[in-house]
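Participant: As a plain string of letters, each chain reads:
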Amino acid sequence: MRVQSLLKTLAVCGVLGGLPALAPAPARADESKDTIIIALHDWTGQHITSHITGELLKAKGYKVDYVTIDYLTGLTAMENGDITFMSELWATTAGDAMKASDATGKTENLGPLGPAAKEEWWYPLYMKEKCPGLPDWKALLKCGEAFSAPETAPKGRYLGMEATWGGHDPERIEALGLPFVAVDAGTEAAMFAELKSAYERKAPILLWVYSPHWVPSVFEGEWVQFPEYEAACYTDPKWGINPDKAFDCGKPHGEIFKYTSAETKKKWPGAYAVMKKLKVDGPELNLMVKEVDVDGKPLDEVVAAYVTKHKGEY
Amino acid sequence: MSEVALPREEAHPRRFPVGWMVAALVALAVLLPYAAPGMFGWAKSYPATWIVPISDWLKAFLYWLARDATFGLFTFKDMTRFVSGLFGHALDVPKALLSTGITLGDEDGAFHIPRLSWAGLIAAVTIWSYLLGGARLALLGFVGFGYILVFGQWDSAMVTLSQVIVAVLSGVVGGILIGILAYRVPRIEGAVVAALDFMQTVPTFAYLVPLVFLVGVGPVSGMLATILYAMPPMVRVTLMALKRVPPELDELARMTGCEPRQALWKVLVPSARDDLLVGVNQVIMLTLNMIIIAAMIGAGGLGFDVLNALRQANGLGKGLEAGLAVVALAIVLDRMSRALVEMRPVHGPAAQRRRQLFWLGLVVLIGFTALSFVVPALEKLPNEYRISTGNMWSDVVSWVNINMFATTDAIRTFLLLYLLVPVKTFLIGFPWLGLVAVVGGGAYALGGWRFALGMMALIAFIPVAGLWERGMTTIYLCSISVVIATLIGLPLGLLGSRSERMHAFLGAMCDTLQTLPSFVYLLPVVMLFRIGDVSALVAIVLYAMVPAIRFTDHGLRRVPPSLQEAGTMAGCTGTQRLTKVELPYALPEIMLGVNQVIMMALSMLVVSSFVGTNDLGKQIQVAISQADPGKGLSAGLAIAFLGILADRMIGRFVAARRQRMGL
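Protein chains in written order, with UniProt numbering: chain A, 1 to 314; chain B, 1 to 663.
Rather than coming from a laboratory, the hints here were simulated on the basis of the structure.
Idealized CB from N, CA, C, for every residue including glycine.
There could be a bad hint or two in this list.
[What the hints assert, rightly or not] Simulated restraints on C-beta separations:
no., chain 1, residue 1, chain 2, residue 2, range
1, B, Val193, A, Gly254, 50 to 56 Å
2, A, Ala116, B, Leu104, 30 to 36 Å
3, B, Ile402, A, Ala116, 34 to 40 Å
4, A, Leu287, B, Asn383, 54 to 60 Å
5, A, Lys309, B, Phe414, 38 to 44 Å
6, B, His89, A, Lys309, 36 to 42 Å
[Said to hold, decoys possible] The calculated lysine to aspartate or glutamate pairs, modelled on EDC-like cross-linking and capped at a C-alpha distance of 16 Å, are:
no., chain 1, residue 1, chain 2, residue 2
7, A, Lys297, B, Asp409
8, B, Lys424, A, Glu151
9, A, Lys99, A, Glu79
10, A, Lys202, B, Glu384
Modelling step: build the complete structure from the supplied sequences, incorporating the hints.
Facilitator: Quick look at the structure:
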């Protein structure tokens with residue numbers, strides 16, 4: 001332990017560019033000694049980015065603690081002052097929650113983290129044989145049967161997480177006239193357990209997959225290409241192929257944002273600077289997620305390796 | 001309905017045939033909406049304009065409570081934060097002892113007092129188990145904690161254990177105090193019992209969001225949720241135990257000149273000791289049941305490990321290992337506390353030996369911990385000594401999946417097409433007025449007008465709160481699961497009551513099923529039965545059949561030997577004796593088991609929504625992810641009402657049955 005701490009101290013000194021050994025002290029002279037609390041949600045990528053932030057802050061001498069909390073409940077907790085930092089709020093799923101939180105003025109959007117969030121309908125590659133024409137969405141119009149299950153036949157079965165993550169899939173199915181039924185998977189763990197089961201047997205499956213995540217790197221497959229999303233598609237029925245209905249397009253993809261409590265700027269200016277500056281490269285994050293989830297490496301090791309490589313930047 | 005209403009009619013032969021009237025009204029309420037959908041459409045599907053926005057009211061109330069409520073000097077939020085602060089400090093003590101140790105000062109290389117050494121703790125647990133229950137318990141304690149150590153679960157298990165300790169202590173102390181209060185002040189007893197009913201039937205998930213609102217996230221709110229869930233049995237046991245203390249003892253205390261306070265603490269409470277310890281045991285088990293749920297609002301520990309592992313690509317083995325650590329912790333603590341209940345005071349050399357063993361355990365614990373100043377490996381076992389099943393479990397499940405999926409899929413399709421879908425369609429299409437009438441008619445037959453009115457109010461909550469579809473899905477899923485669980489549980493319990501070996505095997509199976517976090521076996525179930533109602537059904541049945549087995553076994557074992565002999569003397573064959581003597585005698589007990597099955601099935605609802613059902617549990621799950629406390633609470637209330645409804649109806653049935661048998 002002691003060697004590691006020493007290394008960290010040295011690292012900090014290195015960053016500060018040849019300042020005397022006591023340099024970190026003045027940096028936090030007028031800063032709060034309270035613990036900085038970082039939220040952990042339920043996906044590995046977020047655990048990695050959170051721990052990277054945590055380690056960078058610890059290296060600067062801050063006290064850091066982690067708490068587990070549901071994704072969207074986190075912003076409420078941050079407004080109440082229970083959480084200091086959240087590393088990943090996806091424009092794709094938390095758009096409304098972020099808007100609501102911005103309105104309270106108790107939280108601050110620190111800008112994008114770096115990786116591009118992508119989420120869409122996804123299928124394993126072997127389904128291309130059973131449904132020629134994929135990844136174009138028009139192929140699905142004729143493939144209901146190929147993706148069907150007893151309870152949905154003759155329509156196809158699409159597994160999503162509508163209830164907890166949103167996404168307007170039932171509306172999309174109706175607007176595009178797809179012969180599919182959206183089935184709610186309940187949890188991600190259950191959904192990917194079924195994907196694993198189907199993949200092992202080369203059985204038909206169509207489901208919701210997002211990235212950064214381990215699924216695209218473990219299973220071979222592709223995202224369905226729907227008409228490109230535009231804000232007007234969700235609000236204006238006239239937009240797109242179906243002149244009577246909205247949602248006749250794919251899902252939005254976009255940035256992942258960092259959030260902190262509005263107090264942070266004053267309370268821990270040094271930590272605020274690190275959080276504001278924090279950037280993680282998308283492919284690099286995907287690789288780390290795979291190392292943890294698929295190769296079974298301990299998260300701490302993967303994070304430590306990243307921090308050693310990148311701490312010079314902060 | 002007419003069969004149920006009949007006996008009542010016979011009971012009052014002189015009066016107007018009320019039973020027939022009730023039966024006719026029920027039939028009318030059910031059939032009319034089908035016969036004349038045009039005129040009685042309002043009685044079939046509940047009109048949207050009649051829905052009372054209960055969840056919006058609850059939400060507004062909670063927002064007000066969390067943001068604006070004030071007592072003048074301080075706000076409600078200040079108060080809840082203060083309470084959670086107290087618990088936070090209480091948690092620091094066992095956390096420092098078991099999990100983090102104490103580091104003096106913030107600087108690097110500061111003086112560090114190690115946590116209790118794993119070697120010391122395992123040795124102490126073994127010695128104390130021996131003291132409590134002999135060699136067998138000692139072995140169990142050693143294996144249980146040893147498993148946690150070598151499978152690398154120690155750090156998380158100690159985080160969990162420290163929370164368990166605080167939660168159990170607070171639950172026990174709080175439970176005893178409330179129990180005494182209710183015993184001393186009979187006026188509030190009714191209110192306390194009603195509150196307990198509520199606390200036990202509202203699913204814990206429903207109050208997670210309000211808790212996050214009021215006390216924030218983290219180990220403390222996880223612990224508070226646990227205490228809320230685990231304390232009610234302690235209150236009940238205290239109340240019952242104090243009532244059971246013979247009045248002579250109370251009089252004796254007063255005659256010897258005790259003040260009321262002395263009489264309570266020096267006479268009544270000590271003489272209720274055994275019963276109170278049973279309550280402690282219950283609190284421990286319920287606390288361990290909550291580990292996973294508490295982890296969802298930041299409790300960490302083993303619960304977090306289970307949830308996290310199951311999301312990973314090959315996490316099944318990891319999740320199972322962490323889940324089994326929960327089982328190990330639960331079984332060791334349960335057996336130790338049970339042995340404590342059964343321990344009798346001894347005197348002379350035996351007592352001295354007990355004292356010696358106790359001190360020996362303590363000395364070993366402190367000795368190893370002191371040693372770990374010098375040997376850090378005694379504080380934290382180095383990684384290379386740990387073992388893991390690795391991908392074995394994932395591979396096993398994959399093999400089953402590839403080779404047996406065809407069979408399971410056939411079962412699934414059959415269940416869906418011929419049982420689940422028809423029942424679900426029927427129930428969701430059932431007229432709401434008819435449902436209220438059916439419940440009312442049944443309740444009337446069991447307990448008269450007042451009872452019927454109460455029960456009808458409970459069931460009417462579902463349509464009135466706008467929860468019809470999810471509520472009926474709940475009823476459909478629960479009732480089918482309860483039937484299947486009972487059909488499996490009864491024969492197993494019967495076998496258990498016939499042979500000691502089977503009894504022991506079933507006991508171990510039930511313990512594991514109840515303490516293993518259901519999440520762990522949910523995933524293999526999903527791989528075999530896919531997402532949807534069938535998986536949920538399997539998961540609910542696995543969890544809920546436990547009381548059916550236990551109560552049947554217990555009920556049949558309690559049939560007095562004299563009765564069995566009487567049966568044999570009257571010339572019964574074995575089967576006849578079972579069906580004509582033993583089963584009827586044990587029926588009340590078995591029905592209590594069924595009652596528990598229903599409660600367990602209801603408590604599994606939220607977990608079943610994790611595999612894609614659309615029931616009231618789903619409503620709560622959605623509420624959690626949208627941070628909408630009103631939505632969650634209203635669904636929680638609906639589940640609680642269903643539970644209370646079933647409990648009261650079965651309670652009446654059992655009481656009537658017992659009375660008829662002259663018990």
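Participant: Determine for every hint whether it applies to the structure shown.
Facilitator: For each hint, the structure was consulted:
1. B:Val193 / A:Gly254: 50 to 56 Å: holds (54 Å)
2. A:Ala116 / B:Leu104: 30 to 36 Å: violated (47 Å)
3. B:Ile402 / A:Ala116: 34 to 40 Å: Taking Cβ atoms as reference, B:Ile402 and A:Ala116 lie about 36 Å apart, which means the hint holds.
4. A:Leu287 / B:Asn383: 54 to 60 Å: About 23 Å separates the Cβ atoms of A:Leu287 and B:Asn383, which means 54 to 60 Å is violated.
5. A:Lys309 / B:Phe414: 38 to 44 Å: Violated: the Cβ-Cβ distance is about 56 Å, outside 38 to 44 Å.
6. B:His89 / A:Lys309: 36 to 42 Å: For B:His89 and A:Lys309 the Cβ distance comes to about 40 Å; the hint holds.
7. A:Lys297 / B:Asp409: violated (35 Å)
8. B:Lys424 / A:Glu151: holds (13 Å)
9. A:Lys99 / A:Glu79: Satisfied, since the Cα-Cα distance of roughly 13 Å is no more than 16 Å.
10. A:Lys202 / B:Glu384: violated (38 Å)
Comparing the model with each earlier hint shows violations of hints 2, 4, 5, 7, 10; every other hint is respected.
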